[in-house]
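*Asks:* First to last, the protein sequences are chains B and V. Letter 271 of the first sequence, counting from 1, is numbered 271 in the working numbering, and no numbers are missing. Each number in the working numbering comes from the position in the second sequence (counting from 1) with 315 added on.
Hints are supplied without guarantee of correctness; some may be wrong.
[What the hints assert, rightly or not] Capping the alpha-carbon separation at 30 Å, the derived lysine-lysine pairs in DSBU-like fashion look like this:
no. : chain 1 : residue 1 : chain 2 : residue 2
1   : B       : K236      : V       : K551
2   : V       : K357      : V       : K372
3   : B       : K234      : V       : K372
[Stated by the list, open to error] Across the chosen pairs, the derived CB separations fall in these ranges:
no. : chain 1 : residue 1 : chain 2 : residue 2 : range
4   : B       : M27       : V       : A617      : 55 to 61 Å
5   : B       : R93       : V       : D549      : 48 to 54 Å
6   : V       : E620      : B       : Y29       : 51 to 57 Å
7   : V       : I349      : B       : E89       : 24 to 30 Å
8   : V       : Q420      : B       : T75       : 41 to 47 Å
9   : B       : R71       : V       : R431      : 49 to 55 Å
10  : B       : R71       : V       : E397      : 50 to 56 Å
[Claimed, not checked] Only part of the chain V face toward chain B is listed, based on derived beta-carbon distances under 7 Å:
no. : residue
11  : L352
12  : F354
13  : A358
14  : A487
15  : A558
16  : F622
Simulated from the structure, these hints should not be mistaken for laboratory data. Quick reminder that beta carbons are idealized off the backbone N, C-alpha and C, glycines included.
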Amino acid sequence: MKIFGRRDRERRGPEGLWHTCRECGEMAYEREFEMAHKVCPKCGFHERLSAPERIALLLDDPEAFVQIAPRLATTDPLKFERDGLTYPEHLARYQQSSGLIEAVICGKGRLDGAEICLAVIDFRFLGASMGAVVGEKITLTVEAAMEARLPLVIVNCSGGARMQEGMLSLMQMAKTSAALRRFHDAGLLYISVMTDPTLAGVTASFASLADVIVAEPGATIGFTGRRLIEQIVKQKLPEDAQSAEFMQEHGMVDLVSPRRALKDLLGRLLNLYTGAGAPVDSPAEEAEAASVEESPEGPEAAPKVDESQPAGGQV
Amino acid sequence: MATLEFERELVKLREDLEEIREDRGFKGDREARISELEFELKARTTRVFAELTPWDKVQLARHPDRPHALDFIDLILTDFVEMHGDRHFGDDPAVVGGPAKLAGQRVMVIGHQKGRDTRENVRRNFGMASPEGFRKARRLMVQAEKFGMPVVTLLDIPGASPVLEAEERGQAWAIADNLLEMAGLRVPIVVVVIGEGGSGGALALGIGDRILMLEHTVYSVASPEGAASIVWRDHKFAPEAAAALKLTPPDLIELGIVDRIVPEPPGGAHIDFDAAAELLVGALEDELAALAGRDIDALVAARYEKFRSMGRGAVAPV
Ligand SMILES: [Zn+2]
């Protein structure tokens with residue numbers, strides 16, 4: 001299945017069009033905004049990326065990305081209906097507008113030379129809610145990473161559970177967590193990237209169960225959504241409550257990385273934790289990197305790193 | 316005593332019955348009148364309960380007079396010692412737990428705890444657990460594994476505490492950690508929904524080898540009010556959402572999520588705590604006995620497969 005359709009190219013827009021930031025309201029050249037991977041050049045606001053855009057941002061060769069279960073879709077187990085609108089009809093609208101079959105794209109690819117299993121959730125698809133397809137594809141990706149003994153990177157976002165799948169949606173939290181238990185027991189690395197917004201059941205399962213959690217600046221991260229908290233406590237929350245920076249301050253997130261530095265940071269973390277994908281410039285280094293990857297000693301065989309450069313020093 | 320709308324005629328009959336039972340000077344055939352009323356009560360109870368809508372069933376699961384975790388612990392277990400604190404920040408009264416004995420066998424019991432009156436409800440935050448509650452639960456699970464005690468969890472929670480303080484202390488992280496822990500815990504786990512199984516906060520005690528639900532309980536991905544405000548954009552559509560969510564025990568057996576329904580006495584557990592406890596203890600003894608003989612590696616592998624397969628029928632390639 002092609003993930004970089006005509007739509008994605010069109011959305012980049014011709015030169016000369018203006019983009020209005022939904023945070024600061026300032027206008028910037030569309031092209032400048034797109035070149036900055038949808039970060040506002042005026043205020044630094046990180047606009048949400050689609051899954052194909054995120055894959056293009058992170059992978060060395062996005063076209064070489066091999067997808068896992070690309071055509072998996074829901075069978076509407078509850079026969080859910082609202083005011084005469086069936087769940088499949090509801091989904092069809094999102095499939096149409098996003099060009100996706102479901103809210104997550106998973107597969108294998110390379111990031112700074114390191115082979116990884118990557119899952120990226122797309123907020124455009126029904127608020128990136130977690131149903132059985134999201135749960136199953138995430139689990140298949142965890143299992144694929146285990147099978148191939150590869151690091152796992154999940155770029156998370158979600159508004160919450162997929163109501164239309166009821167308890168089957170809730171059980172995806174159990175399923176993905178159980179798979180990650182085995183993954184961690186196998187001694188493998190999982191890096192979770194929390195993007196805007198990462199909430200509810202996804203945060204309370206696979207998004208948090210990572211060795212390293214990296215968040216994007218300003219991303220909303222938490223369990224209960226702001227609107228519900230405000231309804232219940234009957235007062236406004238501070239503006240920065242549940243932001244990535246707030247969550248880092250409270251010890252829930254390791255690093256907050258601007259988008260422009262994200263790929264480098266992930267590459268560096270992959271290398272530091274597993275020895276994989278050391279920056280490969282010369283053929284000699286490439287060979288060395290390959291031998292480390294194939295080393296039977298596994299992660300312990302990681303090459304010495306320069307300790308004067310703390311991880312995340314660039315963020 | 317609180318009375319739900321559909322319970323009214325039954326409550327009236329029960330009162331009449333009670334009155335005649337105590338009325339020594341009853342004129343006429345007292346015994347005949349009593350059995351007549353008993354018959355009537357039984358028939359009407361059956362009829363009323365057969366006609367309950369999913370939304371009625373939600374009300375029943377939330378019935379303020381229902382036995383809560385500590386009531387069941389008191390009635391079905393002996394030697395219970397309640398443990399306190401998560402060893403990080405505090406003690407959450409919305410989660411209770413500790414070692415006890417069930418029919419002479421050691422178990423670790425952990426449950427969500429709602430209050431009985433307003434004061435207790437405030438103290439227990441209406442059963443809405445905080446990260447400290449989930450972390451206390453996890454601490455006790457790890458102890459159970461260390462000391463070879465099966466775990467019994469009792470689920471009864473409207474939802475995890477939705478306040479900023481809970482967010483600051485990692486509500487989502489606390490729940491996720493429990494899921495990870497329970498998925499691989501090397502002792503048998505029996506989960507029982509005793510009231511309201513609400514969302515992630517319920518699931519945080521909800522991974523086990525056997526999942527039981529008392530007859531008049533519900534287990535849902537979100538409260539019907541919450542689901543209604545998301546899907547219908549108005550919480551007033553909660554009755555519609557309750558029907559659509561498939562949250563009753565028979566629905567969840569059909570979806571392959573729940574293993575067994577534990578019957579309740581006629582009229583519901585709140586009418587007769589002792590009878591409800593007796594039915595539950597019978598089910599728990601069966602379940603624990605069946606799990607006790609299992610090889611622990613095989614048990615943990617089967618538990619994995621149980622949750623791994625959930626929703627498998629809900630997906631297919633297009
Ligand atoms: Zn801006």
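*Asks:* Would you mind marking each hint as holding or not holding in the structure?
*Replies:* Here is how each hint holds up against the structure:
Proposed proximity of B/K236 and V/K551 is supported: the alpha carbons are some 23 Å apart, at most 30 Å. About 19 Å separates the Cα atoms of V/K357 and V/K372, which keeps this hinted pair within 30 Å; it holds. Note on B/K234 and V/K372: the hinted pairing holds, with a Cα-Cα distance of about 29 Å set against a maximum of 30 Å. For B/M27 paired with V/A617, a C-beta distance near 59 Å keeps the hint of 55 to 61 Å intact.
Our hint of 48 to 54 Å for B/R93 and V/D549 is violated, since their Cβ atoms are close to 20 Å apart. The supplied range of 51 to 57 Å is met by V/E620 and B/Y29, whose beta-carbon atoms lie about 54 Å from each other. The beta-carbon spacing between V/I349 and B/E89, approximately 57 Å, falls outside the hinted interval of 24 to 30 Å. Range check, V/Q420 to B/T75: about 42 Å between beta-carbon atoms, so the 41 to 47 Å window is met.
Checking the proposed 49 to 55 Å range against B/R71 and V/R431 shows it holds: the Cβ atoms sit about 52 Å from each other. Checked against the hint of 50 to 56 Å, the pair B/R71 and V/E397 passes, with Cβ atoms roughly 52 Å apart. Taking 7 Å as the C-beta contact cut-off toward chain B, the hint placing V/L352 at the interface is violated, the least distance being around 40 Å. Nearest Cβ of chain B to the Cβ of V/F354: about 38 Å, over the 7 Å cut. The hint is violated.
Because the beta carbon of V/A358 sits about 33 Å from the nearest beta carbon in chain B, more than 7 Å, this interface hint is broken. Hint status for V/A487: holds, given a least beta-carbon distance of 4 Å to chain B, under 7 Å. Taking 7 Å as the C-beta contact cut-off toward chain B, the hint placing V/A558 at the interface is violated, the least distance being around 10 Å. Satisfaction of the interface hint for V/F622 is found here, the shortest Cβ-Cβ separation to chain B being roughly 5 Å, below the 7 Å cut-off.
Going down the numbered hints, you'll see the structure goes against 5, 7, 11, 12, 13 and 15, while the others check out.
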